[in-house]
Amino acid sequence: MRFLPAVLALTLLAFATPAIAAAETYGYTATAAEPSYVEGTKRVDISGDNDYRWLGLPFPVTFYGTTYDSAYHHVDGYIDFTIWGDSNPGRQVPSPNRPNAAVYAFWDDLVVDGQAGVWTATDGVAPNRRYIVEWRDVRLKSVPGSRLSAELVFGENGVILLQYRGLDQPAERGATAVVGIEDARGTSAVVWSDNQSRLSDGTAVRLHVPGTAIARGLVTDANTGKPRSGIALSATTGGRTVTTTSDYYGRYQLEVPATDPRITASAPGYPAEVLTPGSTAEHGAVTADVAIKSPILEAPGTPEITVPAGGRTTASVPVRNTGTAPGSWSAIREVEGGAVPPRPGASGAIRSWDPRAVGVENGYGVADLDGDVWVSVPSAHQLVRLTPEGVVLGRTTLPDTESPRDLAVVGDKLCYVNDSSFAGGAVLHCVRPATAEVTPYLTTAPGIVGGQSGLAHNPRTDVFHLVDGTRLDTVKGPSHADAGALVSSCTIKFSRWDPSYYPQGAALGPDGDVWIYEETGHYQRSGRIELIDPTDCQAGTILTWSPIEGAYNAAGIEADAAGNVWVFTYPPYAGPFPSKGPANIGLFQTRYPAYSDLPWLTTLASPASIPPGSTGQVLVAVDATNLRPGVHNVALALTTTGPGTPIVGVPIRVTVT
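With mature numbering (1 follows the signal peptide of the UniProt record, and there is no 0) as the guide, the letters of the sequence shown map in order to residues -21 to -1, 1 to 636.
None of these hints come from the bench; they were simulated from the model.
Don't take each hint at face value.
[Said to hold, decoys possible] Estimated spans, in silico, between C-beta atoms of each pair:
hint, residue 1, residue 2, range
1, Val253, Lys21, 35 to 43 Å
2, Ala328, Pro608, 27 to 35 Å
3, Ala310, Pro555, 49 to 57 Å
4, Gly263, Ile62, 16 to 24 Å
[Said to hold, decoys possible] In silico DSBU-like links for lysine-lysine, alpha-carbon gap of 30 Å or less:
hint, residue 1, residue 2
5, Lys120, Lys21
6, Lys455, Lys392
7, Lys472, Lys455
8, Lys205, Lys272
Since the structure is predicted, the reported quantities are computational estimates derived from the model, not experimental observations.
Built from N, CA and C at the ideal position, the CB exists for glycine as well.
Could you build the full structure based on these sequences and the hints that come with them?
Pasting the structure below:
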């Protein structure tokens, strides 16, 4: 016995009982209906026998649970929603071969010649509009002299109608055509006619999912009132769950049960919302808007904690919830600050000032050491000490043999590449800036000439990253038996669309990556700070663009203890003329804090949840037994349940008296 394919069996059943022609696993049914042929009014630029156009739809169309706003319109009597089809007409459906997600009004090898055309039209008023696609007076390529018209009508309510005109001979009635619908995976279909002469002018084909309606609405953020994209909305009909997501404008459309529809709106970090818009008639429309609630946790200000030297104290640090849902945190990590209290989870400029305005000319490198900001001036063989606000505290003059450019903090020293040659390698010197004590620190293996375009140190693995042009070399530090040996080397890969970037400074980034300050060679663009993987030089996150637009004006960069970066930028390049205008030293917050385990700071029990509009407390204990007198800037990084603020930085200033 030969078993018939499931869809073919359904088709034969439909032929015997045309009132209900076919059904499939999703829930669509096809029934015969009274025709009401509607001519298209706008001609589509489709001709020949192998042509198509991708056209926007006048309203969203929900088909097999997915909502589309455009579709491919094909000369061969069908449209599909996902990708243009390449299978020959007449293949069996369903099939994973293209086309899929398709409505086959009359799928055959058709020709649109001078007497024929593909037309579209829209009629009705929302939410009851119709979109018509008509293949008018087309010819069957295999049947000379044939002419037929076929059309599909999408209802805004989810109903599809197939209609015909001028079917005078067996081939025109579908003897070599496929008529029906197919899902996007090519696993389910409703076939009204499969190479059978059973179409007629007097019968339309109505395709629909019984017992369903269309829900539409707008998703907004309850905190801001702005539209929210990417929110999942789902409903269950007859044991089948369909899901969609809100678009860029916050809009959605979803197939729902006509009786007692329930729509669940959800997204990671948001409490689920269940919408109950109420029952409607079959293929009616319901509206269900939703404002998605979420917590917003923030730290109001920078708490000050004072503790005597050798003493201990506890304090409460406030965290406020300004959102619309309860919020909490699941973990607390500590961040040791530098010159200013860090703010984990944020990014952008923290502060900036003009070094030329305070008397620092021709600077290059910049670094934070013990709460002070140090700027290198290679031409003067100097290191200038400043406050984080840009007040000059002093100048350290180095021997004339020293030419510090990009700086790297190593312990209590500032290090730089003082000289390099292919035969002798790169020579790193380090200086204790307060005393001007310079010591040779490391000489790399021959052939490594980097460092003039950027130097960074990773204390966890004791390796240096040296940049020369677009080459990034990683070498071993003094703690290794083969100090100076090459670990890896790669070429920084800039965008092929804009290759005119040149590294000028380097700083340690998160997870062992390296921040590179890149200047541009384009006069109408800006330099940028980009994260680079030192093992293969693949580019990653761009932290920020240069604070001064123009070419050839990037300089040094260095990370502070909190993982933020100090950056030196020259005035705009003026060619052979002296540069005019201000320079810039800026501190930029990154989203990648450098976490520390501070033995003198302990977080105690915290509240499980903070209601909207309320303030909770983080309890901390400070043990100053081994803490030096002075100011210590730190922060707590809270991993929160707020999707908009997954990491909340709580800055704290501890003063040991």
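Hint numbers the structure violates, sorted upward?
4
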